[in-house]
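Undergrad: Please model the entire structure based on the sequences and the hints provided.
Quick note, the sequences are listed as chains A and B, same order. Each number in the numbering used here comes from the position in the first sequence (counting from 1) with 397 added on. Each number in the numbering used here comes from the position in the second sequence (counting from 1) with 305 added on.
Calculated from the structure, these hints are not laboratory results. A couple of the hints might just be wrong.
[Claimed, not checked] Straight-line Cα separation of at most 27 Å, DSS-like style, residue types lysine-lysine; simulated pairs:
no.: 1; chain 1: B; residue 1: K340; chain 2: B; residue 2: K327
no.: 2; chain 1: B; residue 1: K399; chain 2: B; residue 2: K340
no.: 3; chain 1: A; residue 1: K465; chain 2: B; residue 2: K340
no.: 4; chain 1: B; residue 1: K340; chain 2: B; residue 2: K398
no.: 5; chain 1: B; residue 1: K399; chain 2: B; residue 2: K484
no.: 6; chain 1: B; residue 1: K323; chain 2: A; residue 2: K465
no.: 7; chain 1: B; residue 1: K398; chain 2: A; residue 2: K431
no.: 8; chain 1: B; residue 1: K369; chain 2: A; residue 2: K477
no.: 9; chain 1: B; residue 1: K397; chain 2: B; residue 2: K340
no.: 10; chain 1: B; residue 1: K484; chain 2: A; residue 2: K477
no.: 11; chain 1: B; residue 1: K376; chain 2: A; residue 2: K465
no.: 12; chain 1: B; residue 1: K399; chain 2: A; residue 2: K475
no.: 13; chain 1: B; residue 1: K484; chain 2: A; residue 2: K459
no.: 14; chain 1: B; residue 1: K323; chain 2: B; residue 2: K340
no.: 15; chain 1: A; residue 1: K477; chain 2: B; residue 2: K323
no.: 16; chain 1: A; residue 1: K475; chain 2: B; residue 2: K484
no.: 17; chain 1: B; residue 1: K376; chain 2: B; residue 2: K398
no.: 18; chain 1: A; residue 1: K431; chain 2: B; residue 2: K484
no.: 19; chain 1: B; residue 1: K398; chain 2: A; residue 2: K459
no.: 20; chain 1: A; residue 1: K459; chain 2: B; residue 2: K340
no.: 21; chain 1: B; residue 1: K369; chain 2: B; residue 2: K327
no.: 22; chain 1: B; residue 1: K397; chain 2: A; residue 2: K431
no.: 23; chain 1: A; residue 1: K475; chain 2: B; residue 2: K376
no.: 24; chain 1: A; residue 1: K459; chain 2: B; residue 2: K323
no.: 25; chain 1: B; residue 1: K376; chain 2: B; residue 2: K399
no.: 26; chain 1: B; residue 1: K340; chain 2: A; residue 2: K477
no.: 27; chain 1: B; residue 1: K399; chain 2: B; residue 2: K327
no.: 28; chain 1: B; residue 1: K369; chain 2: B; residue 2: K323
no.: 29; chain 1: B; residue 1: K369; chain 2: A; residue 2: K431
no.: 30; chain 1: A; residue 1: K477; chain 2: B; residue 2: K327
no.: 31; chain 1: A; residue 1: K465; chain 2: A; residue 2: K475
no.: 32; chain 1: B; residue 1: K327; chain 2: A; residue 2: K475
no.: 33; chain 1: A; residue 1: K465; chain 2: A; residue 2: K477
no.: 34; chain 1: A; residue 1: K459; chain 2: B; residue 2: K327
no.: 35; chain 1: B; residue 1: K398; chain 2: B; residue 2: K484
no.: 36; chain 1: B; residue 1: K340; chain 2: B; residue 2: K376
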Amino acid sequence: MNPLEKFLGSAFGCCDVERLLFEYVQGTLEPEVKHRLDDHFRDCPPCIEFLRTYRQTIDVTKQFCCNKVEIPAEVRAKLKEFIHAEL
Amino acid sequence: MSKTDAHIDDTPLVARLKQRDKSALEELIHIHGAKMYGVALQFMRNESDAREVMQDALVSIWNKIGSFEGKSAFTSWIYRVTANAGLMALRKKKRRENDISLDAVGSDDDDAPLPALQLSDKRPLPDKVAMTGELGEQVRAAISQLPEPYRVAVLLRDVEELPMSEVMQETGLSEAALKSRLHRARLALREALLPYLKGHDIQKS
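TA: If you want it as structure tokens, here you go:
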């Protein structure tokens with residue numbers, strides 16, 4: 398790729414990051430597109446941070462979403478009744 | 306002494322369920338019910354509907370235990386059954402209320418961000434505080450505030466980790482629509498949780 402081609406916009410900008418982020422994190426971008434996005438990330442700390450917090454969001458969603466919730470006594474009693482009456 | 310899910314051997318429990326021992330269902334609730342209930346509450350957001358989801362999940366487990374072959378962990382299987390029961394309950398509820406379809410929520414083609422989620426406390430955590438229950442509370446609060454179709458997509462894909470093809474099947478969405486919905490939901494969650502994420506390394510459990 399010659400310098401003029403690069404200058405004319407074959408490189409990705411910040412506006413491309415959000416558009417491609419889902420596929421990038423999923424690992425389904427075309428290799429050439431991923432490579433160009435990686436080039437952008439190398440030179441753009443705000444976008445690196447955006448990527449980091451996007452990934453963290455997915456991680457904490459998985460980690461903390463559905464914690465154990467003690468079944469209230471009344472609900473537990475109704476479930477027991479249900480098991481013996483309906484099943 | 307309580308055990309974490311990782312240390313529980315469910316083989317005897319599965320065997321008893323396959324032998325149609327109803328007391329095994331009670332033991333299932335005793336051992337795994339708290340997590341199942343947490344899943345049900347995240348879908349339905351109220352106790353009464355969550356109880357019905359638990360009942361539906363128990364029916365599914367009872368009817369389908371014969372086909373459980375142990376290829377996946379028993380806990381993964383029962384939590385997935387519970388999530389499916391939650392999804393079905395939401396659909397039934399929408400049909401009863403004659404509301405908009407669970408799957409048709411405006412356009413998934415436009416890129417407009419979701420309205421900001423309102424969490425009660427956005428103070429950033431002190432630098433060296435390990436992730437505690439506070440982050441967990443904020444995550445759960447943020448997820449529960451997502452509009453229902455977005456919450457369902459996040460629960461099925463990011464929490465239950467169903468393959469995209471399965472989530473598409475469950476929600477009736479095209480791949481492009483599902484990706485758009487998930488992406489917008491994640492951006493809304495990220496925005497709400499940013500004070501807790503910026504500059505902090507989450508210690509994974």
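Undergrad: Just pull the numbers of the violated hints for me, sorted ascending.
TA: Checked against the structure, the hints that fail are numbers 7, 10, 16, 17, 22, 23, 24, 25, 27, 29, 34, while the rest are satisfied.
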